[in-house]
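Chemist: Sequence:
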Amino acid sequence: MKAGFGRASLTPEVGRGTGGYSICAPFGQGWWGRLTASALVLIDGDHRVALVAIDLHAGSRWVAERAARILGWKKHEILLAGTHTHLGP
451 MKAGFGRASL TPEVGRGTGG YSICAPFGQG WWGRLTASAL VLIDGDHRVA
501 LVAIDLHAGS RWVAERAARI LGWKKHEILL AGTHTHLGP
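Numbering (our numbering), first residue to last: 451 to 539.
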């Protein structure tokens, strides 16, 4: 079995809309912390899976499907979960 881990920044530019509370604070005005995507990939022969956590309001089927298409993977091989922050896009 092979395993790998990676992390990438998802922090948008200042001024982007937020993924919630848009009535109270519709646009970001700075950063308290950085938003990231973290992934653990496990491959065992012909079997593979990517477990991905993203600092977004919610997980997105569109994001997982696009990642699968880019990687040449099947959709069910990518499990994506949003951390449910209301202060990111």
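Worth flagging that the hints you see were computed from the coordinates, not collected in a lab. No experiment lies behind these values; they were computed from the predicted model shown. One should not assume that every hint holds.
[As the list claims (entries may be wrong)] Label-pair distances were calculated between CB atoms; the ranges are:
#1 V499 - L460: 35 to 41 Å
#2 G454 - K524: 30 to 36 Å
#3 G495 - R466: 39 to 45 Å
#4 M451 - K525: 19 to 25 Å
#5 T486 - L521: 17 to 23 Å
#6 R511 - V464: 16 to 22 Å
Yeah, the Cβ is synthetic: ideal placement off N, Cα and C, and Gly gets one too.
Chemist: Hint says 30 to 36 Å; check whether the CB-CB distance for G454 and K524 agrees.
Modeler: Since the Cβ atoms of G454 and K524 sit about 18 Å apart, the hinted range of 30 to 36 Å is violated.
Chemist: Is 17 to 23 Å respected by the C-beta to C-beta distance linking T486 and L521?
Modeler: Holds - the Cβ-Cβ distance for T486 and L521, about 19 Å, lies within 17 to 23 Å.
Chemist: A range of 16 to 22 Å was offered for this pair. Does it hold for the Cβ distance of R511 and V464?
Modeler: 28 Å, violated
Chemist: Do M451 and K525 keep their Cβ atoms within the hinted range of 19 to 25 Å?
Modeler: 22 Å, holds
Chemist: CB of V499 to CB of L460, is that within 35 to 41 Å?
Modeler: For V499 and L460 the Cβ distance comes to about 21 Å; the hint is violated.
Chemist: Could one say that the CB atoms of G495 and R466 fall in the range 39 to 45 Å?
Modeler: 42 Å, holds
This entry does not satisfy hints 1, 2 and 6, going by the numbered hints stated previously.
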